[in-house]
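This is what each chain is made of:
There are 2 protein chains.
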Amino acid sequence: MIAIFDSGYGGLTVLKPILELLPQYDYLYLGDNAKAPYGIHSPETVTEFSQKAVDYMKGRGAKLIIFACNTASATALSKIKDDKIIGVIEPSALEASKVTKNGRIGVVATKTTINSAAYEKALKRQNKSLQIYTQACPLLVPFIEEGWHTKPEAISILKKYLMPLKNANIDTLILGCTHYPIMLKSFKKIMGRKVKIVTSGEITAKYLEEFLKANPELEKSLGKNKTRTYFTTDNPEEFKRFTENNLGMKIKTPTKINL
Amino acid sequence: MIAIFDSGYGGLTVLKPILELLPQYDYLYLGDNAKAPYGIHSPETVTEFSQKAVDYMKGRGAKLIIFACNTASATALSKIKDDKIIGVIEPSALEASKVTKNGRIGVVATKTTINSAAYEKALKRQNKSLQIYTQACPLLVPFIEEGWHTKPEAISILKKYLMPLKNANIDTLILGCTHYPIMLKSFKKIMGRKVKIVTSGEITAKYLEEFLKANPELEKSLGKNKTRTYFTTDNPEEFKRFTENNLGMKIKTPTKINL
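Just so you know, the sequences run in chain order R and L.
All letters in the first sequence, in the order written, are residues 37 to 295 by the numbering used here.
All letters in the second sequence, in the order written, are residues 37 to 295 by the numbering used here.
Treat the hints as calculated values from the structure; they're not laboratory data.
Heads up, some of the hints might be wrong.
Identical chains blur together in the list; that is why a pair holds if it fits in one copy or across any two.
Claimed, not checked - List of simulated lysine-lysine pairs, DSS-like, C-alpha gap at most 30 Å:
{"id": "1", "residue 1": "Lys224", "residue 2": "Lys137"}
{"id": "2", "residue 1": "Lys262", "residue 2": "Lys224"}
{"id": "3", "residue 1": "Lys196", "residue 2": "Lys276"}
{"id": "4", "residue 1": "Lys117", "residue 2": "Lys225"}
{"id": "5", "residue 1": "Lys137", "residue 2": "Lys99"}
{"id": "6", "residue 1": "Lys187", "residue 2": "Lys256"}
{"id": "7", "residue 1": "Lys115", "residue 2": "Lys230"}
{"id": "8", "residue 1": "Lys195", "residue 2": "Lys88"}
{"id": "9", "residue 1": "Lys225", "residue 2": "Lys196"}
{"id": "10", "residue 1": "Lys147", "residue 2": "Lys195"}
{"id": "11", "residue 1": "Lys147", "residue 2": "Lys288"}
{"id": "12", "residue 1": "Lys292", "residue 2": "Lys260"}
{"id": "13", "residue 1": "Lys120", "residue 2": "Lys224"}
{"id": "14", "residue 1": "Lys292", "residue 2": "Lys88"}
{"id": "15", "residue 1": "Lys157", "residue 2": "Lys292"}
{"id": "16", "residue 1": "Lys94", "residue 2": "Lys202"}
{"id": "17", "residue 1": "Lys147", "residue 2": "Lys276"}
{"id": "18", "residue 1": "Lys147", "residue 2": "Lys187"}
{"id": "19", "residue 1": "Lys292", "residue 2": "Lys134"}
{"id": "20", "residue 1": "Lys147", "residue 2": "Lys52"}
{"id": "21", "residue 1": "Lys88", "residue 2": "Lys276"}
Only a predicted model underlies this, so the values are computations on that prediction, with no experimental measurement involved.
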């Protein structure tokens, strides 16, 4: 079984394209909603929470784990060290380094992700000469979770966040938080047509496909009964409602667990 | 020792007037920052987190506990049932019921507090004929924690939240979240001079003073060495910095604990 882990709902924007591209496998989704959002907490706390989640998912039989959460990928992944865990940062950095023409790449993400410098490191590993411009956008997640992300105040805040990146003349922008694609239209409108926007979902799905091709033994060992099981550490009904309303996915009510 | 408990920093707006009014006692402050903010989580989750905090504080020798967090007071207090725990809702409701002249009272708070109807129940216990108007303001805490609460977008959002209360012709407004006093000026400006604003801090301090007078044996048992000890479940340096910058309180670096 393949497990997708996120601090809350955001990882569903990664799960969705994975289910579309690779529907044949058994999947488990775990949202640690009781402690969400991770992006405002310290790296040590995020690592501790992520480790508990990893232990749980392995206990449930996960053979491969996707950290759909950028904050967990940025902070916990290097600490937990496990070659059966894939983060979202490496695939996005690889894609952005291919896409850019002028070598100027912007990254927007949570505070903890930006402070970790994980994207800068991943991008520099691809190409040392890349120029990276980063911007933490801490108010976007609350606006999105509130469903107020199309209100003029949200757009005005987004403009404030993006202005330094526009001024830096970037040609590629990584949305380094799984919530941000929900505001994709506004990002595009503010950045303009010439800036290519990289989101984690489809890219991680393709990365996973390649990973499984490169690891045939692991691939063989995966269950292929198309089961989908959802777990959350907070209210299961709220989880189902958010998912169906905001991502257009019909899901079974998750099971509530404690971590 | 008296313990003050909050999901994070907000409870410091309650601790501060308590230390000013009753400086002689030993105090412990516990901020569960690793799981903050509580106000977006379910009542069950908040109760579970609060119970762990209570167990910890008692283990540290707390003889009396103040739930400075409105969300915890609104949801966990009735479940934990302990006459050595004082919440912030009862004192604020009592004060508001005394202050109002037209019997129309507004309450602003987090989603979880509003959904719990704890303020409505507490106000109705004081006076059944009161008319209560409530409004959840979920974006204020993120704006305040970001230090962006004086920006035009924050004021515009606040106006949207307060408009229904203004239209309801309330004469008293309870700020039912310990973060909100940090935006007190904006609340006053939008609501106008005729609306009396009730905040938890000073009221809870006075309530505590009365409580100790009414419970002389408990009062006698309290340590009176003016010790102040701080605990947080997230980054201690961040905690110290926020406290000193936003509340003008000099504190020792807190001890990091796991709950």
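Verification of the supplied hints:
1. Lys224 x Lys137: within (18 Å within a copy, 52 Å between copies)
2. Lys262 x Lys224: neither (35 Å within a copy, 57 Å between copies)
3. Lys196 x Lys276: between (33 Å within a copy, 28 Å between copies)
4. Lys117 x Lys225: Result: close neither inside a copy nor across copies, 39 Å intra and 53 Å inter.
5. Lys137 x Lys99: neither (38 Å within a copy, 65 Å between copies)
6. Lys187 x Lys256: Classified as neither: same-chain Cα gap 48 Å, cross-chain 55 Å, threshold 30 Å.
7. Lys115 x Lys230: neither (37 Å within a copy, 56 Å between copies)
8. Lys195 x Lys88: Answer is neither: 37 Å inside a copy and 41 Å across each miss the 30 Å cutoff.
9. Lys225 x Lys196: Cα proximity of lysine 225 and lysine 196: in one copy and across copies (14 Å, 25 Å).
10. Lys147 x Lys195: both (17 Å within a copy, 27 Å between copies)
11. Lys147 x Lys288: Between copies only: 25 Å across chains, 33 Å inside a chain, cut-off 30 Å.
12. Lys292 x Lys260: within (25 Å within a copy, 44 Å between copies)
13. Lys120 x Lys224: This pair counts as neither: shortest intra-copy Cα distance 34 Å, inter-copy 55 Å.
14. Lys292 x Lys88: both (15 Å within a copy, 19 Å between copies)
15. Lys157 x Lys292: So lysine 157 and lysine 292 pass the 30 Å test across copies only (29 Å; inside, 36 Å).
16. Lys94 x Lys202: Neither: 43 Å inside a chain and 53 Å across chains, both beyond 30 Å.
17. Lys147 x Lys276: both (27 Å within a copy, 18 Å between copies)
18. Lys147 x Lys187: both (23 Å within a copy, 19 Å between copies)
19. Lys292 x Lys134: Answer is neither: 41 Å inside a copy and 43 Å across each miss the 30 Å cutoff.
20. Lys147 x Lys52: So lysine 147 and lysine 52 pass the 30 Å test inside a copy (25 Å) and across (28 Å) alike.
21. Lys88 x Lys276: both (23 Å within a copy, 27 Å between copies)
This entry does not satisfy hints 2, 4, 5, 6, 7, 8, 13, 16 and 19, going by the numbered hints stated previously.
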